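Q: Given next are the chains, with one letter for each unit.
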Amino acid sequence: MVFSYFPGCTLKTKAVELDRYTRKSAEALGIELRELPEWQCCGAVYPQAKDEIATKLSSVRALAEARDEGLELVTVCSGCYHVIKRVNHDMQADEDIALRANNYMKLDNPYHGETRVLHFLEVLRDRVGFDELKKKVVNPLTGRKIGAYYGCMLLRPASELDFDDPENPKIIEDFLRALGAEPVVYAARNECCGGYVTLEDKPLAVKRSSAVAASARAQGAEALITACPLCMYNLTKNAENGLPVYYFTELLAEALGVK
Amino acid sequence: MPDQKQELVETIKRISGVNPRLCMKCGKCSATCPAFDAMDYHPHQFVDMVDRGQIDKLLASKSLYTCLSCFACVERCPRTVEPARLIEAVRLAVIRQQGRNHFKADQLPGLLDEDLPQQAIASAFRKYSK
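Line order of the protein sequences matches chains A and B.
Going letter by letter, the first sequence gives residues 959 to 1217 in the working numbering.
Going letter by letter, the second sequence gives residues 362 to 491 in the working numbering.
None of these hints come from the bench; they were simulated from the model.
All values reported here derive from a predicted model rather than from experimental measurement.
Don't take every hint at face value.
To be verified - Computed cross-link-like contacts, SDA-like style, restricted to lysine to any residue with a CA-CA straight-line distance of at most 25 Å: (1) K491/B x K1195/A; (2) K1195/A x D476/B; (3) K423/B x A1007/A; (4) K1165/A x D412/B; (5) K1160/A x K374/B; (6) K1217/A x K1008/A; (7) K1165/A x L473/B; (8) K1160/A x P439/B; (9) K1160/A x E368/B; (10) K1160/A x D474/B; (11) K374/B x G1101/A; (12) K1008/A x L477/B; (13) K423/B x E475/B.
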């Protein structure tokens, strides 16, 4: 199994462990993640306005490169997944954005959304399969009560991301079961941690992330897992009475015996 | 409504892709908004006030900077109005003007800590500055 891989800016800096455990786990599962030779930051937030073109081009560039390699494009960071997948949707569905982006890019072969974008969790669910993953677990996380924290970027809007049921997702719970852990379902698992507002209005980020932690704690979670470095930051630095938080790939590497 | 103001309202509707007339005033967007308490004008008010052309108050609203872009209002709107897109378009109408960046590079060093991810910094510049 070979995929193009877009690590993203934060996985090369503050979230190197998210990247490292992803690569180790992929190797253990026989998945080759081929890092795009040239990639740029996706911009971290999806530019929603229809006349925002330049801010979408780094995603288009990555998507076109993966297309030219003939591979699907895998991301691990929730933010990169959200931005690149939505820009891909624009390139498929919005003729005006596609025309103007292609005018900027001057590619030999114009891009119209041909690449399939996958989150690494989707690779585990849809390509490896959670049943197969379970067979490869050498160090099951038996007895560990873990809350999946989805946040926003993986799920919404579901009409474009098509990742899981946006109000009652189960992919990370199923992932945790495959690793032998006990998933803890709690109400705030798909509510916002505060995101980038930590730089604008820290008390708001404290309030939001604390609400997530309290919701998880009330249902008996002993730890949380996330795919997003910004969620990781808010849940560890801003949440009052927080829980230990891990990247999902850290637990995966642990269970596969490659941590 | 003066022509210039009308033109701005039309631009906001066009670049957001939002048709406020689809709204059936159920208030679900504001009910589900995680930043509600930190806002002066709330998501349902953005929809209503753009429709009425009451744009001046929105251009000065702190809500432009407390919207979390979490897309809860987008996902949960039963009429696919997508209020977050409207809030972003109004914010752009402000920060695209000369000298109106809300977040400036010289503010950043005072806000850094050793764990702050690049993702947060890139997001803040993309959301609050042009």
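Q: Which constraints among the numbered hints does this structure fail? Numbers only, ascending.
A: Hints 1, 4, 5, 6, 8, 9, 11, 12 and 13 not satisfied by this model.
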